[in-house]
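Q: So the chains spell out like this:
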Amino acid sequence: MREAYESGIDVSVIVQDGLIEAMNIIGPKMASGEMFVPEVLLSAETMRAGLEVVKPYLSAGDVSTLGKVVIGTVEGDLHDIGKNMVAMMLESSGFEVVNLGTDITPEDFLKAVEENKPDIVGLSALLTTTMQAMRKTVTLLKEKTSNVKIMVGGAPVNDAFAREIGADGYAPDAAGAVQLAKQLMA
Amino acid sequence: MLTGGMETDVLKVLKEEDIRKIHNSSMRVLADVGVHVDEPEALALCEEKGARVDHQTQRVYFSEDMVMRAVETAPSTVVLYGRNDDSRNIVLGGKRVYLGTGGTALNILDLDRKRRPTTAADIARTAQLVDALDNVHFFVIPCHPHDAAEDDVDVNRFFHAMNNTTKPIMGGIFTENGVDRVINMAAVVAGGMEKLVEKPFISFISSILSPLKMDGLRTRILFKSARAGIPLATSVAPLAGATSPVTLAGTLVQMNAEALTGVVLTQLVRPGAPVLYSACPTIMDMSTMSFLFGSVESGIMNAAAAQLAQFYRLPIYSTGGISDSKQPDQQAGFEKAITALMPALAGANFIHEAAGQLDSGMTISYAQYVIDNDINGYVMRAVRGVEMDEDALAEEVITRVAPATGNYLAHKHTVKRVRTEFYYPRVATRTNYETWEKAGGKDIWAKAEEEARRILENHLPQRLPEDVVARIMRIEPGIIAV
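Protein chains in written order, with numbering that gives the first Met the number 0: chain D, 0 to 185; chain B, 0 to 481.
By construction, these hints were calculated from the structure, which means they are not laboratory data. Ideal placement from N, C-alpha and C gives every residue a C-beta, glycine not left out. There may be inaccurate statements among the hints.
Covered stretches of chain D (chain B as the covering partner; in silico rule of three or more C-beta atoms under 8 Å from a C-beta of chain B) [unchecked claim]:
| # | region |
| --- | --- |
| 1 | 35-43 |
| 2 | 126-134 |
Far from chain D, by Cβ distances over 12 Å, these chain B residues were calculated [what the hints assert, rightly or not]:
| # | residue |
| --- | --- |
| 3 | 83 |
| 4 | 111 |
| 5 | 449 |
A short, non-exhaustive set of chain B residues, derived as facing chain D with CB atoms under 10 Å [stated by the list, open to error]:
| # | residue |
| --- | --- |
| 6 | 103 |
| 7 | 143 |
| 8 | 238 |
| 9 | 283 |
| 10 | 284 |
| 11 | 289 |
| 12 | 290 |
| 13 | 361 |
Whenever a hint applies, use it, and build me the whole structure from the sequences.
A: If you want it as structure tokens, here you go:
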């Protein structure tokens, strides 16, 4: 990265054609099963490290973000691996991500939406028991906010449940979540 | 005859020095890495009993001495009782092998082959089915009743289980007051709290999260259960590569530390409290991040877990007979056979998930229970192994028959032992091709559906007495009639 910068290549080219383009290759390879998740994570890590190198030289407009996503695991649920995976994939695909963590109450999701003004909110639940917390969160966000799209995921969640609780979309895995987020932004 | 509780330990995936290494590493993990416990009362108790506690980070550190004291006070044998039927008791500990169902699925692949969300009626019907299947030795409540109100899920699960089988019942608890309400209900069935604790026919599962984490609700369930004297499995389910190291050895180190944490906590609450060394080691699919149940690695780790439990002289709750396949097919067959056989031949006691489950535990199937009854029959026959008494060696029979007729078929030795020496599956096809074709050319799925239907229409389990049901309905009006 440093070498590229010092050789005089434009920063936006480095980021766009070097980093983001690389992740655009990795996404589909992950979806096809050719690349394993730990390898994808290492790629995302590498991208982030690369971005750190050129960050001081970036100016507004050099990198366009695809949109802003607030993401978290719903109340009563401490699982975070799947949710973090989705956050990382979104980030490395060009989204700006605010990761709230786990065990987030509907009210805290609402607060985060009001503060961060995201385009999309991502909700995660791994337990059958916390699916109801997901429902409550969607209901509250739909009631109190406008324009923000809600996507949901997690082992017990499916498309039918997502529709039933009023979410805007469901994805079965991290690669699918990136695709869905892009669709929701279109 | 095949009966639950036959003993074996012929399979050893760990050498003695391996067990030692895992033990030593687990002890260092518990002492230096510690366990996150999200429950102030538990942190206070651990500190009072001598554990190092960091209240800021909510971490508890257990010394080897403290762990081994708990291993000593925990019972080496835990009996889970049949309801009103001691012939169905299961005596967990040592190298005694039992296989049974597991939970908690959200969907069922019904007899019409359509997949739908499970209901309270499915709990009643799976219990009824299992009640009639000889090679399913206990009933872990297998599914979620979607038609029950959120607060009444636990009482619905346990009521319909108790009302439809006399086999020992175990289940997870999903609500804060669920433990108390289920215990109250079971006490009504037993004829008082004392009688329930004397012969507990229900037991609970409260999970420890990987890596090394206990949340508030599950810690409180553990405490309540241990205080009441109801047997408890503190299920730990590390996912190798995701919530534990990718290596099997590393996952066993962490799993062992987590399983022992469950033992320690129950023994701090009440020394002697009935608890199982609880293991559900699995792996993650590295391309989809799906949780996998039916991997061969899971079979290896569950066999290793049995050896670890035997090392500590603790009864084990283990996992086997599981599959990631979506329907009863070849994949389901080989995954289930391999993952059940490995822990069974290592002498695992309470092998749960070993009936009815498909789809990584998310879907159950009535037909699959019947097929798994056969798989378990094969497994139990393997557990029984080769009897070596003089009559079995049959030297005298060979001497008489071989030089004479050469035909053993009609010999009285054959007649005497023919029903007990072989296992006869219910639904596996063993006829020749033409006979099979004439009978409709059915595969095992279709045959198992017919058998499941026949059992559900004809088998009458010993139901709860009417006055008991009436009393329970008065205190738990949220129980759904099915």
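Q: With reference to the structure, classify each hint as holding or not holding.
A: Consistency of the hints with the structure:
1. 35-43: Holds: 3 residues of the region 35-43 of chain D have a Cβ under 8 Å from chain B.
2. 126-134: holds (count 3)
3. 83: Check passes; 31 Å lies beyond 12 Å.
4. 111: Fine: 19 Å to the nearest Cβ keeps residue 111 (chain B) off the interface.
5. 449: The claim holds: residue 449 (chain B) sits with its nearest Cβ about 30 Å from chain D, beyond 12 Å.
6. 103: holds (7 Å)
7. 143: holds (5 Å)
8. 238: holds (8 Å)
9. 283: holds (8 Å)
10. 284: Holds, because the Cβ-Cβ distance from residue 284 (chain B) to chain D comes to roughly 9 Å (cut-off 10 Å).
11. 289: holds (8 Å)
12. 290: holds (7 Å)
13. 361: At about 8 Å, which falls below the 10 Å cut-off, the nearest Cβ of chain D leaves the hint on residue 361 (chain B) intact, so it holds.
In summary, the structure agrees with every hint in the numbered list given earlier.
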